[in-house]
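Residue numbers (the numbering used here), protein chains in the order written: chain A, 449 to 851; chain B, 449 to 851; chain C, 449 to 851; chain D, 449 to 851.
It cannot be assumed that every hint is accurate.
Reference excerpt, derived from the structure (chain D facing chain A, CB under 8 Å, subset only) [unchecked claim]: (1) Ala617; (2) Gly702; (3) Leu704.
Once the Cα atoms are required to be at most 30 Å apart in a straight line, the calculated DSSO-like pairs of lysine-lysine come out as [claimed, not checked]: (4) C:Lys806 x C:Lys500; (5) C:Lys459 x D:Lys459; (6) A:Lys806 x A:Lys583; (7) A:Lys500 x B:Lys459; (8) C:Lys459 x C:Lys806; (9) A:Lys459 x B:Lys459; (10) B:Lys459 x B:Lys806; (11) B:Lys500 x A:Lys806; (12) A:Lys459 x A:Lys806; (13) C:Lys459 x C:Lys500; (14) C:Lys583 x C:Lys459; (15) B:Lys500 x A:Lys459; (16) A:Lys500 x B:Lys806; (17) B:Lys583 x B:Lys459; (18) B:Lys806 x B:Lys583; (19) D:Lys806 x C:Lys500; (20) D:Lys459 x D:Lys500; (21) D:Lys459 x C:Lys500; (22) D:Lys459 x D:Lys806; (23) D:Lys500 x C:Lys459; (24) C:Lys806 x D:Lys500; (25) D:Lys500 x D:Lys806.
It should be emphasised that the hints constitute simulated quantities derived from the structure, not laboratory data. Cβ atoms here follow ideal geometry from the backbone N, Cα and C, with glycine treated the same way.
4 protein chains.
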Amino acid sequence: MVSVAEPARRKLRMALIGGGAPAFIGPIHATAATLDGRAEVVAGALSSSPVKARAAALAFGIPLDRAYASWDGLLDGEVRLPSERRADFVAITTPNHTHFAIAHAALQAGFHVVCEKPMTTRLEDAIALAELAAKTGAVFAIAHAYAGYPMIQQARAMILAGELGQVQAIRIQYIQGGLRAQQPGVQPVRGAWKSDPALAGPAGTMADIGTHAFHLVRHLTGLVPAELSCTLRSFYPGRTLADYGHAVIRFPDGALGTITVSQVTHGRLNDLSIEIDGTEGSLAWRQEDAEHLVLRRWGSPVRVFERNARGDVLHEPARSLCRLPGGHPEGFLEAFANFYRAALDEMAVRDLRIPDIKRDLVFPDVSDGVDGVQFVQRCIESHADRGAWKRWAEVPPSGAPET
Amino acid sequence: MVSVAEPARRKLRMALIGGGAPAFIGPIHATAATLDGRAEVVAGALSSSPVKARAAALAFGIPLDRAYASWDGLLDGEVRLPSERRADFVAITTPNHTHFAIAHAALQAGFHVVCEKPMTTRLEDAIALAELAAKTGAVFAIAHAYAGYPMIQQARAMILAGELGQVQAIRIQYIQGGLRAQQPGVQPVRGAWKSDPALAGPAGTMADIGTHAFHLVRHLTGLVPAELSCTLRSFYPGRTLADYGHAVIRFPDGALGTITVSQVTHGRLNDLSIEIDGTEGSLAWRQEDAEHLVLRRWGSPVRVFERNARGDVLHEPARSLCRLPGGHPEGFLEAFANFYRAALDEMAVRDLRIPDIKRDLVFPDVSDGVDGVQFVQRCIESHADRGAWKRWAEVPPSGAPET
Amino acid sequence: MVSVAEPARRKLRMALIGGGAPAFIGPIHATAATLDGRAEVVAGALSSSPVKARAAALAFGIPLDRAYASWDGLLDGEVRLPSERRADFVAITTPNHTHFAIAHAALQAGFHVVCEKPMTTRLEDAIALAELAAKTGAVFAIAHAYAGYPMIQQARAMILAGELGQVQAIRIQYIQGGLRAQQPGVQPVRGAWKSDPALAGPAGTMADIGTHAFHLVRHLTGLVPAELSCTLRSFYPGRTLADYGHAVIRFPDGALGTITVSQVTHGRLNDLSIEIDGTEGSLAWRQEDAEHLVLRRWGSPVRVFERNARGDVLHEPARSLCRLPGGHPEGFLEAFANFYRAALDEMAVRDLRIPDIKRDLVFPDVSDGVDGVQFVQRCIESHADRGAWKRWAEVPPSGAPET
Amino acid sequence: MVSVAEPARRKLRMALIGGGAPAFIGPIHATAATLDGRAEVVAGALSSSPVKARAAALAFGIPLDRAYASWDGLLDGEVRLPSERRADFVAITTPNHTHFAIAHAALQAGFHVVCEKPMTTRLEDAIALAELAAKTGAVFAIAHAYAGYPMIQQARAMILAGELGQVQAIRIQYIQGGLRAQQPGVQPVRGAWKSDPALAGPAGTMADIGTHAFHLVRHLTGLVPAELSCTLRSFYPGRTLADYGHAVIRFPDGALGTITVSQVTHGRLNDLSIEIDGTEGSLAWRQEDAEHLVLRRWGSPVRVFERNARGDVLHEPARSLCRLPGGHPEGFLEAFANFYRAALDEMAVRDLRIPDIKRDLVFPDVSDGVDGVQFVQRCIESHADRGAWKRWAEVPPSGAPET
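With the rest of the complex left out, here is chain A (with noise of 0.2 Å):
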């Protein structure tokens, strides 16, 4: 939607690196970061086929001259071009096991850094990563869209306010079907790599969609968990990595928390839902259904919290979020530009000097990139040792409760 920005305030400069078709996620990224003229798509490395990346910059409507034809090769090209014409952050959209190493060069290169999860596949590289950019001072986002849901603002302001009382319970399930192929005996297409340890890490779905339920545990309550045990299933036949898992997670104060997820259910969309019980109230959370948000509390009626609904009946980071009036469905598109639109505020008031931006929205920066991957981390130890528990560690810089 048309951007409120100050006047002075320029366009970003976006380059895409991977993405190119079938995949949807590179549009995503492109749409989502462009939607409020907040910043531009203007260079990518859209696919390792010279044909096919040419052909996606047409599509994405990036000048030929700045189709590369290969990550290093954009890095090294933006970086000779003049500051004024120089992309300013690059967005990933690789498959995992290539993050790191863009990344790190990307960092090195002076860009800030948009990257999507899990952010690697080794413990030892996000922190890595963790380390120079906060070196190099660069904006470092990691892509869990799904915070960028006003709802999910609402549910997270709620619960600082204390309007839950302390938190006690979480259970996330997040259930897709999308690794189940239609007819039995063939592998589904979309997201082949997935299924492929060589290309995904040694993690699977609790790799690809955990780390977006573990994510929002730790931004909607603030938690850090004591430790954590995972049992995980390789259902589909002939596939290596898991495609269901299930972690239960200890917090220091007795909470307890509970994850599933699954990528093989038949005819499951993306149907990630949140229910979280505290000593004043509960909230539940559908993503299928993202425009409400339900509060229970013993002695009212459940109540509602319906997107942009008139009157003051939102906190304002969640109101601060919408585009349109309640009853104008939004969706994931929208909740991916609201990510964007705070990772790129972040960049303006650190690159172009525009001090004063209100941001309503915390992004999930590179500290939460090293916990998602250090939450795959723990899984994987524990299910390989039949779901012993796993301690938590602190890593530096710390996964600290967000404020």
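Given the coordinates of chain A, assemble chains B, C and D onto it according to the supplied hints.
Showing chains B, C and D alone in chain A's frame:
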């Protein structure tokens, strides 16, 4: 989302008339039109206040030399530009009473037109526009954007394919609350002009949202009314125009339609719901849950069609309008963008000589605009005559059933 | 459920007329009447076939000497029994055209009456019954059992308490599919008599289920119509009686009601939905989701009231009708039992001299029966006159607003 | 509802132990058992307080000479009655710690038994009951009444028929809030004994409702666990017993089950939800929306099965358990009555020599009771061992997969 447009296809140039803050409809037009990279906003007459118009132009990214102070100034200015810079079409988002004059002048000046509903406030004006558009050969699209929802196109395709048998009954309720203030005694801010007959025309809610409902009846079923009866109410204190209304429509073959509209129902957002009964099945759809379409038929379980679920479940017109995988909610913006995509593709066929663009959505055009205005006209006549049946007139150019 | 009745209170004795298999309505009357231990079935005239009547008597646990071959035989036989054995009331579940004769005779014989809707097929008969009931002092209840749902009573209590402000609009849709056969070309089995004017009276669906809808309008709001307009349709091939209909109701103070009924919508079960708009809030309820009532009011989140949730959330009339804790679904049977409980309590007050029974449900009585028949009458008149407005007549005994 | 029982079949005589006010479970047993005319309540030991027991007997319609002051008094008294008056079975609805002694004595005295869950508080007691029941030949039913919902039987029939392929994952959440008081600092009234280890046994919520969830896993899928891991929590201040818990179950063939139970989630009523993933389809069901069962399978729209919809849509076991036409909601009472119907039919087969009663519901029996107690036992062991996996033991009589 990133366009899959033909390499040689340039972006069409849009001039936006009306739609500056605080209206949300201007940004929606601009964002929807440009979402797929098929268009760009190049000019605007965004406010009758020069200061506001200038600020709005900045927000829309319109260069100041094309930020016009009035719509006639815009038409004059654009016509004088060389054809390779001149706007290709104007989008009219001003209050209803101005639609006719602007659209008429725009057609005469050689522009394509995208116009908000109701197309005009008088039926003779609507007919005049249709005749003029036929003469100039311009594309003339009416922003009945709800037709752009994939599941509406799925419903239409199912009906066209005979999967419902013969349509016998249609029930539409379109319930909003936006014209009721939270505090009694004050007039609601947003859409204040919608309550002013001088600006909105004589019909109020039946024009503002009833035309959407009526368009969907025509668009989904192809049925043309035989006659209709209408009762209107102005429930909110101090309001002249109707903010509530009800129409009964008889069709020549005995089918019966009912349309109920409200803009004063406490707490209701944008609850457009449609039920269609056929001899072989019945359909139900709600705009606030736009991703699902429900088919019922004795002898089968209830079948819920989901947007862009895997497999050959949807008809092609529905599938082709999807941008994101199922379960990643799309919403009003994407529906609006689908409406624009269809209109822009038609402009491209005519102006850019790209003949073979596949078009899945039959966009609402000037004849739908005439139909909508006749609907409002008959409603007013019937209400003034205590609900007497008013015959539907065949109006040239005929609002023929779409095929 | 187990009664909490006064120790000295004996069970009232029920004689069931009609309702043998395969109808479900007979067993519902018997089970609902006896569910709380306030009544017992002692006699029946369950079928005009003696063999069937005898089998049915066994199924109902009726001793064979009180399994009568005809309704007049039943009245004769019961009257001759000593008062301590004689039935206290008759429940009439036969086809519509017989209601009047049976009810009239039953009143004259000194029985209380529970009668299915529509009370009669002619308005003058309904008035005659009302006059006779007033004379005999009998309890005369009409089985508008939907009023027995706790959440309907919650809605009524909220409206009575002024929580909705002034009621301005009422929208009821009552959509079934039972009169459409699964296979075209055959007539549906269940309720076959409902399509036969000789048995069902002249009105079809508007009598069969429209009277339920109309009763709820009256029961919930207390409003009395000023005039109404109606359009009917017989959509199913070979059917004389209307199986679809639509009524618009004008109330004296400007309020507007719409009632749409269908019994030919493919796959729809018993979808009675009600929306009520007031100046201070709006309510919505669906019979197929009867445990919830939705209140909307600008400035608050949507509030969903749940049956028998903990805390002082519900008004007393709703609370007192609950048998099971919230979340243990109650349904149609319990609603029907609540209707019976109210009627039986009234009989107990009159016959058993138990004066202080607390009565939470104002049961639909003979005046509601008259109202329902007038509603059907006006609908038929209006339809025959092409939807012309027909004035509501004040009928003695007055269908006064309940308080 | 009225029974369709054989003419010669007499009502079975029920003796109710426990269940006086304010518990709702006693009335539910009495009402459910008698709903179809297959049983009558003839005796009771309803309270340990003689005054309360007498009042309760009146409410249940029990003659005072069979209103016993204690359960052993009841057993003694009934045994002395002539066989044509003596109770046929006892229903045990007392706190958990008493189940074993009462059931054991009842079996020894020659009665059939219907017993609340958990069957006992110790596994060895459960085994002893199973052995004794096998010896006496009595019917021994455990009140896992959720199995009585028609749509649960539809799910079971679909799984048995292979329509889901091989079951791979089961997710059950059973979320209540009843053990959290509305006002902090007080203990909730209802079910107070459920928080007292002396009365409820060592397991709290996992016994109280976890056994329902576990029974459904077994009943629906026939799977027998290989091992399980459990984590428990007592979240409510001042409570010893767990009011929250989580179990992970591994099955021999690799299938994975998760069960999460809460009785302290603010505002949640009785939200038992079940999801089952198979290689050919997935199912979802919620108790609070018990009339619907959702089947998903790639390549088809989502299919929602409705209770007793017209046509050959449901499997016979589901259809045969329906009393009312679809759309007239049935609820918990009818499910409970279905459970009783199955147990009573089995008693009738054994005692009344009516051999050919068709039985659609495999009622939960003593082996299910043993399974439930073992489930609780393993949960407690695992929790005490920090969630270590505990092997499932084959317990005689074997909890063999039902067929």
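Hints, verified against the model:
Hint on alanine 617 of chain D holds. Least Cβ distance to chain A is approximately 6 Å, under the 8 Å limit. About 7 Å separates the beta-carbon of glycine 702 of chain D from the nearest beta-carbon of chain A, less than 8 Å, and the hint is met. A distance limit of 8 Å between C-beta atoms decides the matter here; for leucine 704 of chain D the minimum to chain A is near 6 Å, and the interface restraint holds. As the CA atoms of lysine 806 of chain C and lysine 500 of chain C are separated by approximately 40 Å, the hinted pair breaks the 30 Å bound.
Simply put, lysine 459 of chain C and lysine 459 of chain D have alpha-carbon atoms about 20 Å apart, close enough for the 30 Å limit, and the pair holds. Taken as a hint, the lysine 806 of chain A and lysine 583 of chain A pair is honoured in the structure, with Cα atoms around 25 Å apart against an allowance of 30 Å. For the given pair, lysine 500 of chain A sits about 22 Å from lysine 459 of chain B by alpha-carbon distance, which is consistent with the 30 Å threshold. For the hint linking lysine 459 of chain C to lysine 806 of chain C, the alpha-carbon distance of about 17 Å falls within 30 Å, and the restraint holds.
Simply put, lysine 459 of chain A and lysine 459 of chain B have alpha-carbon atoms about 20 Å apart, close enough for the 30 Å limit, and the pair holds. Between lysine 459 of chain B and lysine 806 of chain B the alpha-carbon distance is near 17 Å, which keeps this suggested pair within the 30 Å criterion. Of the pairs offered as hints, the one joining lysine 500 of chain B and lysine 806 of chain A holds, with about 23 Å between alpha carbons and a cut-off of 30 Å not exceeded. This hinted pair checks out: lysine 459 of chain A and lysine 806 of chain A have alpha carbons roughly 17 Å apart, not beyond 30 Å.
Of the supplied pair hints, the one linking lysine 459 of chain C and lysine 500 of chain C holds, its CA atoms being roughly 27 Å apart against a limit of 30 Å. Using a Cα cut-off of 30 Å, the hinted pair lysine 583 of chain C and lysine 459 of chain C holds, with the two alpha carbons roughly 25 Å apart. Taken as a hint, the lysine 500 of chain B and lysine 459 of chain A pair is honoured in the structure, with Cα atoms around 22 Å apart against an allowance of 30 Å. Between lysine 500 of chain A and lysine 806 of chain B the alpha-carbon distance is near 22 Å, which keeps this suggested pair within the 30 Å criterion.
With a C-alpha separation of about 25 Å, the suggested pair lysine 583 of chain B and lysine 459 of chain B falls inside the 30 Å cut-off, and the hint holds. Taken as a hint, the lysine 806 of chain B and lysine 583 of chain B pair is honoured in the structure, with Cα atoms around 25 Å apart against an allowance of 30 Å. Straight-line distance between C-alpha atoms of lysine 806 of chain D and lysine 500 of chain C comes to about 22 Å, which keeps the hinted pair within the 30 Å bound. Of the supplied pair hints, the one linking lysine 459 of chain D and lysine 500 of chain D holds, its CA atoms being roughly 27 Å apart against a limit of 30 Å.
Taking the CA atoms of lysine 459 of chain D and lysine 500 of chain C, the gap is near 22 Å; set against the 30 Å cutoff, the hint holds. In summary, the hint linking lysine 459 of chain D to lysine 806 of chain D is supported, as the alpha carbons are separated by about 17 Å, within the 30 Å threshold. Taken as a hint, the lysine 500 of chain D and lysine 459 of chain C pair is honoured in the structure, with Cα atoms around 22 Å apart against an allowance of 30 Å. Distance restraint check for lysine 806 of chain C and lysine 500 of chain D: the Cα-Cα separation of roughly 23 Å lies within the 30 Å cut-off, and the hinted pair is therefore satisfied.
About 40 Å separates the Cα atoms of lysine 500 of chain D and lysine 806 of chain D, which puts this hinted pair outside 30 Å; it is violated.
Hint violations for this structure: numbers 4, 25, all remaining hints satisfied.
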